[in-house]
Each structure stands twice: as structure tokens, then as C-alpha cells.
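Enquirer: Take a look at the letters that make up each chain.
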Amino acid sequence: MSEELKKRITDLFHEKSKGDKKMFYIRDVTKWLPDEDRHAIQNAVKVLLDEEVLVYWSSGSSSYIMLPEFFPKEEGTCS
Amino acid sequence: MEKSKTPLLDELEKGKWPSFVTDMKQAAQKSPMAEDLLSQLELSYKDKIGHWKHGGIVGVKGYGGGVIGRYSDRPDLFPNVQAFHTMRINHPTGWFYKTDALRNLCDVWDKHGSGLTNMHGSTGDAILLGTTTEHIQPCFDDLSAAGFDLGGSGSALRTPSACVGPGRCEWACIDSLDVCYNLTMEFQDKIHRPMFPYKFKIKVSACPNDCVASIARSDFSIIGTWKGKILINPAEVTAYASSDLDIQKEVCDLCPTKCMEWDSKELKIHDEDCTRCMHCINLMPKALRPGKEKGATILVGGKAPIVEGALLSWVIVPFIKLEPPYTELKELIERIQDWWDENAKSRERLGELIKRLGMRVFLRGVGLPAVPQMVKAPRSNPYVFFWPEDIKQEVK
Ligand code: HEM
Ligand code: HEM
Ligand code: SF4
Ligand code: SF4
Numbered sequence: 001m002s003e004e005l006k007k008r009i010t011d012l013f014h015e016k017s018k019g020d021k022k023m024f025y026i027r028d029v030t031k032w033l034p035d036e037d038r039h040a041i042q043n044a045v046k047v048l049l050d051e052e053v054l055v056y057w058s059s060g061s062s063s064y065i066m067l068p069e070f071f072p073k074e075e076g077t078c079s
Numbered sequence: 001m002e003k004s005k006t007p008l009l010d011e012l013e014k015g016k017w018p019s020f021v022t023d024m025k026q027a028a029q030k031s032p033m034a035e036d037l038l039s040q041l042e043l044s045y046k047d048k049i050g051h052w053k054h055g056g057i058v059g060v061k062g063y064g065g066g067v068i069g070r071y072s073d074r075p076d077l078f079p080n081v082q083a084f085h086t087m088r089i090n091h092p093t094g095w096f097y098k099t100d101a102l103r104n105l106c107d108v109w110d111k112h113g114s115g116l117t118n119m120h121g122s123t124g125d126a127i128l129l130g131t132t133t134e135h136i137q138p139c140f141d142d143l144s145a146a147g148f149d150l151g152g153s154g155s156a157l158r159t160p161s162a163c164v165g166p167g168r169c170e171w172a173c174i175d176s177l178d179v180c181y182n183l184t185m186e187f188q189d190k191i192h193r194p195m196f197p198y199k200f201k202i203k204v205s206a207c208p209n210d211c212v213a214s215i216a217r218s219d220f221s222i223i224g225t226w227k228g229k230i231l232i233n234p235a236e237v238t239a240y241a242s243s244d245l246d247i248q249k250e251v252c253d254l255c256p257t258k259c260m261e262w263d264s265k266e267l268k269i270h271d272e273d274c275t276r277c278m279h280c281i282n283l284m285p286k287a288l289r290p291g292k293e294k295g296a297t298i299l300v301g302g303k304a305p306i307v308e309g310a311l312l313s314w315v316i317v318p319f320i321k322l323e324p325p326y327t328e329l330k331e332l333i334e335r336i337q338d339w340w341d342e343n344a345k346s347r348e349r350l351g352e353l354i355k356r357l358g359m360r361v362f363l364r365g366v367g368l369p370a371v372p373q374m375v376k377a378p379r380s381n382p383y384v385f386f387w388p389e390d391i392k393q394e395v396k
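Protein sequence lines correspond, in order, to chains A and B.
1 is the number of the first residue of the first sequence in this note's numbering; add one for each residue after it.
1 is the number of the first residue of the second sequence in this note's numbering; add one for each residue after it.
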């Protein structure tokens, strides 16, 4: 597993979370890194999720990924 | 007489059919959660608005799905349903349980949740309704000890499901149970760790009766079928002829391709025109049976109306032999998921993506040939267009 890729993803999450949007689809993440292999990005994100550097949020039907500090506490939206 | 606390819900107990309100009242005698659930639902009927907040928590350690977070928006009134999460439990294939397994499941749920279940949800999973955030991990640990695992939710492969197939049904052309179990075990990571653009469902029916409705409800439908002649037992045909069944009217006239002939003595089937719809076999099970060479048809793209309209799956592989370890099938699923993952927008299902980019782009992407069975409606626009380079080749 490339530590460099993990760091790039983590940095991108911090950078992109400066805006209003805090929750991202895995698709957003692969778009941030058009030159990287999609599968390598997904595997790096899985490791980051295991390490709790990133966390999942789900509506039940779709899944989002975000930094733990932005995980809504017992909040809900309908989507 | 004491006045009922749930006059509106009580209306739903009237009539001759079973009522979920009655079930919830029964659960409420033991469970304060179920009690508050009833009261909140009553309020919803009064206010004509849902009182749930949607989404959040996803699962247990190592999982990105299987738990669906739900919170009350009136925890002040209903503190016991402040959190009321759903747990999806991967059902045993074909929904076969022994009673001790069911008892175990219910005991775990009485200990950790509201005691209310939905057996089974439309995904196939056993749905356990209502637990708190603190209970999720211990509940999962107890379920694991009893041999159960979470199912899929979110942007993941959903728990595959299958009809009872050869477990009970004489019409089974494939071992739907084994196919389903095999795929479930093979794709564990895709079920538990959502990495797809959206949900992906696989359903397996062992014959064209399609009892799991895989055509309407799955992105990847596997349906048992046969090649060659429907097997006819003439003695049993004669027996049906002297019964209440009107073979001409009820069987032959309703054959969708009109490929059957009946002269009051002999039943003939022009099998080359049969679409294997099962109608005649369903009506005359003792006289007719699926042919000897068995396999499956693969279809893709089915989905419910959410986001875009509803779609039915359509054929991409007319006939495939299915035998363990199902390597060819698994490779096809991987290729299709990978093409979808590469090309789809977020929350775009496989069927919608194929509609957007076109069948021929899909076929090229996953390496399948175009065949006549893919034509959805004859005499409308041709469904699969040639690539320019193929036309040049033809002209030479
Ligand atoms: C404005 C309110 C709501 C909207 C717009 C909404 C919308 C949706 C949609 C679009 C789905 C996906 C359906 C599918 O599987 O294709 C869904 C699934 C679901 N919803 Fe809701 N919903 C709402 C409220 C609720 C409430 C109040 C609850 C429970 C208290 C709830 C429980 C569920 C569950 C358990 C699922 C299944 C998740 C899955 O299939 O992965 N929803 N909802
Ligand atoms: C008038 C009240 C209700 C009606 C008519 C109703 C009807 C239904 C129907 C028809 C289904 C699909 C069944 C199937 O999958 O075969 C369903 C699924 C479901 N219901 Fe209800 N329901 C009601 C109340 C509730 C309540 C109060 C809850 C939870 C507190 C609930 C939670 C669910 C869930 C979680 C599913 C989806 C299971 C899955 O994802 O597969 N329902 N409901
Ligand atoms: S789909 Fe066919 S094989 Fe499966 S249970 Fe239904 S009738 Fe039987
Ligand atoms: S299976 Fe359907 S199409 Fe085939 S002969 Fe019977 S009724 Fe006709």
C-alpha cells in the first residue's frame, strides 16, 4: 500500500472539506486524482477507513466518506 | 373502558388480515422501544408527517454497511426511540432456517433491540428493526457467535438472494441456492465495504417463473432455463384432457408464441419457437417438464423507480452452463461491475448507465458479442448498432 497515495488522499479530504461540502462519494475521490488507478485509490481509501482517518456515513441507500470530525452527530438528511 | 392511546393505528387492526399494529402492540408489552414506536407512529398519522431522521451510522468495526441509522425527531416525547437503527442480517440462502437458529436470532434481538423484525425485507435480508447505537457492536458480536453476519446496504453489493430452487422445487434448472451462496462468499468484501457508485443487486431464480423477481429487482439477474425440447408425458396429457383443464383454451391459446398444437389426442410443441415462459409447464406439471439440457440466462439492468424510472433486466447472455466453481460467471460479474464503476455517475444504476451510453458500448466494455436475443422489442429501432469499422469490413 502506497503511503504517498494515502497521504495525498487525506490531504485532499482536508482541502476539499474547507468548502460547505463535507461528505463525498468515492466517485468524487477518484475524480480528484485522475492520473491514479481507480482500484489503487479505492484500496487506499479502505485502509484509511480501517485506520479511522476517514469514516463512512450512509443514508441506507448510498454511502459517503468523510473526515471523522465532520461526521454529523445524530443528524439526518433524507437522500 | 380505558381510552386507547392509538385510536388512528387501531383502525389498521380492523379487517380480516394480519396487522403490523397488532404485532407492534404485542412487542410493546415487553419492549419500551416498541411502545414508543407505536406512540410516535400514532403521532405521524395525526401530523401526517414522518418523525424519523434519516441516515448516519453504518455498521460495526470493519464494516461499511449492514446497519441503517435512524433517529426520532421527537426524542423529547419518545426517548426510547431516540435511536432506532435497522440491522440487516444476511439470510440463509433460500430462507431455510432450523427453528433453533430462528430462536437464537430472536433471543439476540430481544436482548439488544426492540424485538420487532421484518422477515424478510425486499433485499432478502432478515431485517431487525430498532436498536440503539451502543447496542450495535454487542448485538453483532452475539449474532456472529450464533453464525449470522450483516447483509449489504449503501453503495455496495447487496446481499444476493435466490429462490428455493432445488431445495423444494421440481422446476429448478440450476442450483440457485449454491450459485447464490457461492457468490455471497466470493464477494464478501464488496458486500461489507461500499466502494461502488450505488447499490448493486444480484438475484438468482432457478427457472423462468422467476420467484425472486430478479428481472424487476436486480442489476444482475440469473434465471435458470433449458435448451431443446420440453419433455412430454403423453399418458399424463391424456389424463389432463379428461380433467377440468381445457388444453386448447387455457394452455395452447395462451402460449405467447403460439407454438403449441392440440388435436384432442396429441400435444405438439414446436420447441424452436418456444420462449420458455413456463406457462404450459405451470398448468400441466405432470405432463410437461423443462428440457434436459439445463443452464441459465443472464440479464442485466433491472431496478426499482428510485432516481430514474423503473427498468426490467434484459438479456445479455442467452444461455450459460452453471457449474461450480462458477468461474466464468464470477469473471463476467467482475467485468460488469468494473465497467459500471469506471463509467457511472454517483447514484447511477447499471441499467441507467447502459441506457445513457448504449448497449453496444456496454457490450464492447465487458467483451460480450451482440446476439438477437438482446433485441428488446422486435420491429422497433434496431437495438444494437454496428461500429463504423465493422461496416467497412463488411463492404470489402
Ligand atoms: C423524506 C424522507 C425519506 C426519503 C426521501 C427516503 C428515501 C429513501 C430512498 C430513496 C431509499 C432507497 C430505496 C431503495 O432501496 O432503492 C430509502 C431506503 C430506506 N429508507 Fe428511506 N426515506 C425517507 C424516510 C425514511 C424513514 C423515516 C425511515 C425509517 C425510519 C427510512 C428507512 C429506510 C430504510 C430502512 C431503507 C432501506 C435502505 C436500503 O435499501 O439500503 N426512510 N429511503
Ligand atoms: C402502514 C405502515 C407500514 C406499511 C404499509 C409497511 C409496508 C412495507 C412493505 C410493503 C415493505 C416491503 C416488504 C418486503 O420487503 O417484502 C416494507 C419494508 C420495510 N419496512 Fe415497512 N411498512 C409499514 C411500517 C413500517 C414501520 C413502522 C417500520 C419501522 C419502524 C418499517 C420498516 C420497514 C423496513 C426497514 C423495510 C425494508 C426492509 C428492507 O430493506 O428490505 N415499516 N414495509
Ligand atoms: S423460480 Fe422456478 S425453480 Fe425457483 S422456486 Fe420458482 S418455480 Fe421453483
Ligand atoms: S413454455 Fe411458454 S412459450 Fe414455451 S411452449 Fe410452453 S407456453 Fe409456449
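A couple of the hints might just be wrong.
[What the hints assert, rightly or not] Pairs of lysine-lysine residues, derived as BS3-like cross-links and limited to a Cα-Cα distance of at most 25 Å, are as follows: (1) LYS229/B / LYS249/B; (2) LYS31/A / LYS355/B; (3) LYS46/A / LYS61/B; (4) LYS229/B / LYS286/B; (5) LYS330/B / LYS229/B; (6) LYS53/B / LYS21/A; (7) LYS111/B / LYS61/B; (8) LYS73/A / LYS53/B; (9) LYS21/A / LYS345/B; (10) LYS25/B / LYS31/A; (11) LYS25/B / LYS3/B.
Hints were generated in silico from the structure; no laboratory data involved.
Source: prediction; values computed, not measured.
Enquirer: A separate judgement is required for each hint: does it hold in the structure or not?
Expert: Checked hints:
1. LYS229/B / LYS249/B: Roughly 22 Å separates the two Cα atoms, so the pair holds.
2. LYS31/A / LYS355/B: holds, 23 Å
3. LYS46/A / LYS61/B: holds, 13 Å
4. LYS229/B / LYS286/B: With a Cα-Cα distance of about 16 Å, the restraint between LYS229/B and LYS286/B holds, given a limit of 25 Å.
5. LYS330/B / LYS229/B: Since the Cα atoms of LYS330/B and LYS229/B sit roughly 29 Å apart, the hinted pair is violated (cutoff 25 Å).
6. LYS53/B / LYS21/A: Holds. LYS53/B to LYS21/A sits at ~20 Å (cutoff 25 Å).
7. LYS111/B / LYS61/B: At roughly 20 Å apart (the allowed maximum being 25 Å), LYS61/B and LYS111/B satisfy the hint.
8. LYS73/A / LYS53/B: holds, 12 Å
9. LYS21/A / LYS345/B: Cα-Cα ~18 Å, so holds.
10. LYS25/B / LYS31/A: Not satisfied, since the Cα-Cα distance of roughly 50 Å exceeds 25 Å.
11. LYS25/B / LYS3/B: holds, 15 Å
In terms of the numbered hints stated before, the structure departs from hints 5, 10, listed from lowest to highest.
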